[in-house]
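Q: Work from the hints to combine the two standalone chains into their complex.
Note that the protein sequences, when read in sequence, are chains A and B. In case it helps, numbering that gives the first Met the number 0 puts the first sequence at residues 0 to 323. In case it helps, numbering that gives the first Met the number 0 puts the second sequence at residues 0 to 320.
Hints in this document: simulated from the structure, not taken from any laboratory. It is possible that some hints are incorrect.
To be verified - From the structure, some residues in chain B lie toward chain A, with a derived Cβ separation under 10 Å: (1) L62; (2) V304; (3) A305.
As the list claims (entries may be wrong) - Quick list of the computed label-pair ranges, beta carbon to beta carbon: (4) A:A260 <-> B:V304: 23 to 33 Å; (5) A:L136 <-> B:L173: 55 to 65 Å; (6) A:C172 <-> B:Q261: 46 to 56 Å; (7) B:L173 <-> A:L14: 46 to 56 Å; (8) B:W181 <-> A:A103: 42 to 52 Å; (9) B:G27 <-> A:V201: 54 to 64 Å.
As the list claims (entries may be wrong) - Over the 10 Å line for every Cβ pair with chain A, so calculated as not near, a few chain B residues: (10) L77; (11) A81; (12) E155; (13) H187.
Backbone N, C-alpha and C define an ideal beta-carbon position, used for all residues, glycine too.
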Amino acid sequence: MTTSGFKLSREASLLVVIAAIVLLVGWRAPVFLTLRSALDVANESALLAILVAGQMVVLLTRGVDLSVASNLALTGMVCALVGRSFPSLPIAVLLLLALGVGAALGAVNGLLIALCRLPAIVVTLGTMAVYRGVAFLASNGAWVSEQDIHAGIKALPRTELLGVPLLIVIAGCVVGLVAAWLRWGQAGREVRALGNNPGAAVYVGIPERTRLLQVYALSGALAGLAGVLWVGRYAIAFSDLAAGYELTVIAACVIGGVSIAGGVGSIAGAMGGVLFLGVVNAALPVIQVSPFWQQAIAGAVILLSVALNAGSRARASLPILEKS
Amino acid sequence: MRALGTWEAMLAALILLLYAGFGFGIDGFLSPYALADSTVNVSERLIIAMAMAMLICAGEIDLSIAATMALSSLAMGLAMQAGAPLPVMLLAGVATGAICGLLNGWLVTQRGLPSIVVTIGTLSLYRGLALVLLGDQAITGYPEALSLLGNGTLGELIGVPGLVVPIEFGIALLFAVSVAVWMHCTVHGRRIYAVGSNPVAARFSGIAADRYRLGLFVFAGIAAALAGALLTGRIGSTRPNLAAGWELDAITIALLGGVAIQGGRGSMVGVLLAAMLLGAFTFALGMLNVPGIVISTILGGLLIVAMVLPKVLPGRRPRAG
Chain A
0 MTTSGFKLSR EASLLVVIAA IVLLVGWRAP VFLTLRSALD VANESALLAI
50 LVAGQMVVLL TRGVDLSVAS NLALTGMVCA LVGRSFPSLP IAVLLLLALG
100 VGAALGAVNG LLIALCRLPA IVVTLGTMAV YRGVAFLASN GAWVSEQDIH
150 AGIKALPRTE LLGVPLLIVI AGCVVGLVAA WLRWGQAGRE VRALGNNPGA
200 AVYVGIPERT RLLQVYALSG ALAGLAGVLW VGRYAIAFSD LAAGYELTVI
250 AACVIGGVSI AGGVGSIAGA MGGVLFLGVV NAALPVIQVS PFWQQAIAGA
300 VILLSVALNA GSRARASLPI LEKS
Chain B
0 MRALGTWEAM LAALILLLYA GFGFGIDGFL SPYALADSTV NVSERLIIAM
50 AMAMLICAGE IDLSIAATMA LSSLAMGLAM QAGAPLPVML LAGVATGAIC
100 GLLNGWLVTQ RGLPSIVVTI GTLSLYRGLA LVLLGDQAIT GYPEALSLLG
150 NGTLGELIGV PGLVVPIEFG IALLFAVSVA VWMHCTVHGR RIYAVGSNPV
200 AARFSGIAAD RYRLGLFVFA GIAAALAGAL LTGRIGSTRP NLAAGWELDA
250 ITIALLGGVA IQGGRGSMVG VLLAAMLLGA FTFALGMLNV PGIVISTILG
300 GLLIVAMVLP KVLPGRRPRA G
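Bound-form chain B, shown alone (with noise of 0.2 Å):
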């Protein structure tokens, strides 16, 4: 359970490769612009990713995540429709992300029941009530400050002109960096990877199971509601089927990144660098006029692959359980 190992290396040098190839390979690809916009597509589901893989590791799963971005996107959209200023709006957000997660917690905790139910319920319920409120209408009109937080660039920001890292961008890579360190460096990450590897052992060796599964949802809510308020002012809209089917993406990311479905295993440096390498390559086949769902296809077929291969290849990665 390092953070660096082999899968994570391998990914790193994808991801060199990616870039090298692709930018002898496409005019333009290497230019600091078009680098800056490569992350732009993958700084939302990075977010939501990790929060994804924090949950896998601690043998739990959120499927309801992109239906909770669409909620607190449009719990903002109302609180600007009633006036409030975009503190409040934000905070709207946070709360309903925060609720929603509260929802499954307490579903899964309290009731005992398995977090896939739970959240592919949940999914239909929150996607639901975002139609149910908005119907075929969408909410437009954002305020020119949340435009920024998604648009923008860092340099705009602290006014140094040649700095094209795009603002949500840093946002998202500093709550990937502090969930790692979190996850890798504190006795609490440690704790969710014994959670996941075995719930029973972790609960008589005194760990609050239960209490971890439930923080662990509410933040999966905050962390929707973050990501959903970043795609919320870069596209400036809300609409119900805001950010549809991005719970498969972000599971597809968590695990390319090398977190194990059964739980209790993975690094969150692998989850950074998959989306990393998602973004690059996504962007990179954009720019070659390769329609979405080819560019989806082959990430399918990049998640089967990436889990075949240690189960063909001898010697590698001995089964622990």
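Chain A with its partners taken away, still in its complex shape (with noise of 0.2 Å):
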């Protein structure tokens, strides 16, 4: 890969950026540069920092995973309703049940996509659908109100580790672990592969359907993971939960530098998508922009940095016809 060195500025690019945006607004209002403004900022995105660290790893493949919002509902919900009926439950019984129940979901994309050969987007459509529409049959359509809500659900994220926010440290521990495997695990470093030239990668022998199942299982078991947390975070489960997330997620990780053509990406890139949208939403109330411009704004975020990522592609030698 030639592009290091281009990646490594793209990212700095975006730091900057991000450091200019907070200095600007810090300086007309000062409150905005407190440790108390920026652990908020960092609690609002920690639950997308993990959705994005899952979408990443997919991306990576050529792949895309639609569903993770509608998983997100799903495995919330789940939770929510065993945690009602079980009380008694310790939370740790409960994290791996998100973990477990969002794994699942996420594999029966990974089985119909490698195995059945089917087009990501199509698959994860439809289980989109289906995941909400299941969350909503679970509950016949109730909501799990504040009281019902398992305690140590709640709990989490008022729970402070060493001073820091329980939140922040899992998505933190899960940015980690992920980067991690993406840079020294043998798995993360063929799904990088698999995503640059999977022709090339089937060739020297990389298992690509094991790979692709791991994939979409490890983005459904953060899914689930960002449930539970999500429904502690805002204290109620119901169908509608994060509905059109998916979007925010894809969007963070554009904005990031991932390439939806696959091969492309860095989880620090990503990570610094997740940032700017957050500072962005952070910011528009502290400066008196209406929060009505959040979602425009993003969209004009995402176009810019595709924009640019393509103009630094189109210096590599392509044929003259193509276009991608």
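A: Printed below as a string of structure tokens:
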């Protein structure tokens, strides 16, 4: 890969942009530069970071997982229902349950994509609808409201570890583990190779189906984890939980320089994308811009970052006629 | 790439089965009024699904199509508030749709960006602009004529009392049939399939691939404006979340209709039939008081089954590439 220099500068430039926004907003409203507000941004971004870590690995294989938000809703609902029925269950069991249910739902995607050779976008579009519907059926359409949420789940976002909120610790661990896996794990390296050139990857003996299955299961497990944390954070579970959030997750990846075409992207860049969205969302109310601007800004930034990406890639030698 | 094949025959049979089954099962399902009602939900979706199917056949996709509907509906609303008559309002909507499509097409063809990423971006951008301009408000008070367009029947329009076919459905059907004829019976349509199945070969054989792509994106924007105008007329208001999530419905209809997501393959007749099937299905389940989210769950399951079946059943549809 000859592009490592460019990638580094890209991540650095994203950081510069984020720093510029922080300083500009901080100049208008000094309250934005306090540690408290930094923790707020990190806390808000923690769930997104967990989902983005999983989605990025999927994008590396030239796939996409549109079902993450529905998986989040279904797993969150399952955990809320189980927690309601068995209030004495230790929280560790519920966390394992979330990882397990999420991974199983992700593995369904993986099976359909790897074994039946179906396009990921279609499969996850379908399971996106199915998982959310099952979440509705699981609760008969009812909400699990605050007083019925398992005390352990509700305590999660309020717990602190050495002064750092637990959500940030969990997100940090997840992101660190995924980064290490991609960097040093054999399977992780193979995943990137698979996205770079699937044909060549199969020739050198990379087990394509196994890796795809693992990748979707991982994305599902992380979505499940995010689900139980989401339920704890907002102290409610209903079938429309995080509806439409899959696009925010993909947006963060794209802003962070992860290529939809596979093979290209770093966890640092993806986290830059998460941080960018978090900072913009936190900054808008501070400088008294209507929060309605959030979505439009995110869209404009996505377009800008893919345009910049493509500009850098055009320098590499591509066939004259090929476009993508 | 025939317009009529096994898949289309199966869809047609399913539609008949559905109407027959629900006709026996639900009282009044086969009355003319119920039949007319069963097309209402699907008319606007049919329009954007046809445009989506064309794009998918050309190897592209437009996830911003529903956001474009919202933005062009907003343009109509703003034009009305500025005191414009109905034709000018419609023109404003269509122009907005065309500009949205043009931006997508320009980014895809001139900047060489993948359409899925571009339209995820413009989905956020267009929907976001609608939010910025409208906030949590709604625009209401549309003229009577627009409401007639969305709610009236062809019978009311031409003065035949028994004709209960909704105007909306007439427009959508005309639109769909024109698209099908254009895609299957003209050289332009064939070229779109060629671009989708092998862009490089198509370019080498002298097809102005980028011009077709750009044109298709603009067309999708205009189709979104048309669907947006009909929907606005039907529900009588513009909100920022108008048609939220419909891009996925459109893709589902196109794929259920047998369009290959890889591009280059798919019949427009199949898409039309798939839309009719979903319309009847949704309406029947609605009559049975099945909640909307359950219906979309079943549709999601159907989509997957429709994809898996050809792979599992032996001896069907040998893979071309």
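Q: Sort out which numbered hints this structure fails and list those numbers smallest first.
A: 5, 6
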